[in-house]
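> Single-letter residue listing:
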Amino acid sequence: MLILRRIPRWATTGGALVAVLLCAGLLQLANANPAASQTLTLTAWQASEDPGLDPNHELWSRTQFVQAPLTAQAGSYAAGGGSIPVVWARALHYNNTLYVRLEWEDSTQDGSALKVEQFADAAAVEFPAKSATSVPSVCMGQADMGVNIWQWRADSLGNPNELYANSVVDTYPSTDDLFYTARAAGNPYANPKQGPVQNLVAVAFGTLSPAATQDVQGQGAYSNGRWSVVFSRPFTGASEDLAAFTAGTSTDIAFAVWNGSEGDRNGRKSVSSFLTLNVSGAAIPEPEGSDWLVLALAAGALLVIGGGGIGLGLYGLREGKRSA
Amino acid sequence: MAKVYNWQLGREMDYRFPNGKAKRQFAAVFNINRCIACQTCSMACKSTWTFSPGQELMWWNNVETKPYGGYPNHWDVNILALQEKANPGAQVWDAARRSGRAAPYGVFEGKTIFETADQVNNMVTGYIPPEADWKAPNIHEDTATAAPAAGVTLPEHGGWFFYLQRICNHCSYPACLAACPRNAIYKREEDGIVLIDQNRCRGYRKCVEACPYKKSMYRPSTRTSEKCIACYPRIEGSDPLTEGLPMETRCMAACVGKIRLQGLVRVDDRGEWIEDRQNPLYYLVHVAKVALPLYPQFGTQPNVYYIPPRWVPRPYLRQMFGPGVDDAIAAYTHPERETVAVLQLFRASQRIVFSYKIEPGPKTAEITVGGQKREIFNDTIIGYDSNGKEVVRVTVDEPTAERPGQLNSI
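Protein chains in written order, with our numbering: chain F, 1 to 324; chain C, 1 to 410.
Read the hints as simulated data drawn from the structure, not as lab findings. Note that the structure is a prediction, hence the values are computed from the model and not measured. The beta carbon of each residue, even a glycine, is placed where N, CA and C say it ideally should be. Treat the hints loosely; a few may be bogus.
Derived DEER-like restraints, expressed as beta-carbon distance ranges [said to hold, decoys possible]:
no., chain 1, residue 1, chain 2, residue 2, range
1, C, A81, F, P85, 31 to 39 Å
2, C, V92, F, P69, 56 to 64 Å
3, F, A204, C, T333, 52 to 60 Å
Pulled out of the complex, with its shape left as it was, chain F reads as follows:
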């Protein structure tokens, strides 16, 4: 820390600039669609076969992603989050069913909330309700323009006894639903038949409620420090307060990610702004033809800029050591 603090500021700033340029160059090479403008567009392509719920389905690797920056939720209590800076989103549709796949980096896999101090990782996509006449507030909608939220959670219902193989209970007098109070009260979170994705509606902060129809499916997978989650629902929303999709039209989509080990839940989360979701009638485009000249020029420029950056960094380190 001491050494870093003594590196001349112009050297570190220069290094950071180079790093940004490098990232941008790499993104171009990787066929990604970076934040070229304030409004990003996520295109849902027409798939040639059913991608299903498996986040590792081969179709996804051929689908272009959009990188959506996330920030801490600061609009309302309970504010916070921000530990997940970016989510990579892809979308497809097949047989009038929309599939959205999110992917993000999270070094901790929080798949259980059996202990009071544990919070599960989660992710959500948000759409304007079918009834919304223009774009609602991305912050949980507003009174006349609601939002439809699909939230996936990494945990499932359980019992703390599962944590302790040698625990002993004499007897539970009754295990009817009535004795799982929230289940008896109709809370979908407490319903063992509820899948990992909940279909929710909201018209303001604090109004998030389960939708009458729970028809959103989903599945998450964790590997190599990354979560991949697929959400899926037929185009037609069961009611006016839910999202609806039609091939050849656009709507809006926003993302949220909760990092359980950071204590994220409720408003404490990493959120995006609204992106345009273009439900395209076109098939997944083939990877663009490799123009050798463009590629060579890009690689050359990257080498020059990268070399400069490394040089600057080394100079900064040397200066830092000398002043220490």
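Go by the hints and put chain C onto chain F.
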């Protein structure tokens, strides 16, 4: 943030919501001096409400041995430390500014748990006790601070412990309610009971984090939080035994040591108690001032009041019950004739007593306590239900009968 009046602090304070309309408030007095920690209350509660999968670590009612015990472990010193850190050296009372029912203990000059929070990330200063902290509800049972070879004497024992009986305080300004981002917690207008809507709860545990008394508890088998419901079906009079009239909670009714008296008091729109001279709770809290709120400085205006233990060092008790401790102990050690009679109502009936009358009786004893002479009168106290019908009649002197010697099997 709204400004609300907290009479236990003798001042206005910040709270997320303005005062709601309240007609009556659930309240109770626990006499710490009489508790034997038999845990009958704990079992009465557990066998009524929390015996199902996922509730294994839940004790809506618990009795812990102070100063070392706690469920969850160290809940109170943890909150005190957080508050002290947020407002170092300034968590103090001005006990001289006492003023009637509006400021009976003086004025708290420090900050409440609402006032030390940033109102952006948190509405309330608090923390989530990890699972391990909930697993030893009776840890340090009967552990005294020391065992002086010479024994102990009043007014302050050289080695001491006492039992603290705890349920949800059904606070006038509940921290759990203020903390819930989705308004799943509500306080009932008719009796001030605080409940978590099990349909709306999404298990965020902001209430677990916020409640300074740690009486909101997480249930993993439903992924929601649950809490003491003040046995509201009994309070509503739906138990056939009382024929539609309000009935005390299970933990109160089961109390073997007769330490508990529970009822409903009339409150105004500012959360202050309306004068109700013949209500036994009103008498004990506002007239005799023998019973005090638990950690009033947290600012939630809790509604369970404690008669502090006579033998415990006063600085510890002042920290726990505020500056009213010395007067309360004096009023219990040398009680008014009326106080002695009202104390007989504890556990005399399952039906909630709304008012009482005392019929004077003859002087039956003269005793000396702490060098002061006291006369005992065998008065009769009569308790009445919400309809003004007599539900209990009890005398100061317990009726005794001597068994003939030849029948004694010992």
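> The structure should be examined with respect to each hint, and the outcome stated for every one.
Going through the hints against the structure:
1. C/A81 with F/P85: 31 to 39 Å: Given about 34 Å between the Cβ atoms, the range holds.
2. C/V92 with F/P69: 56 to 64 Å: Violated: the Cβ-Cβ distance is about 47 Å, outside 56 to 64 Å.
3. F/A204 with C/T333: 52 to 60 Å: holds, 56 Å
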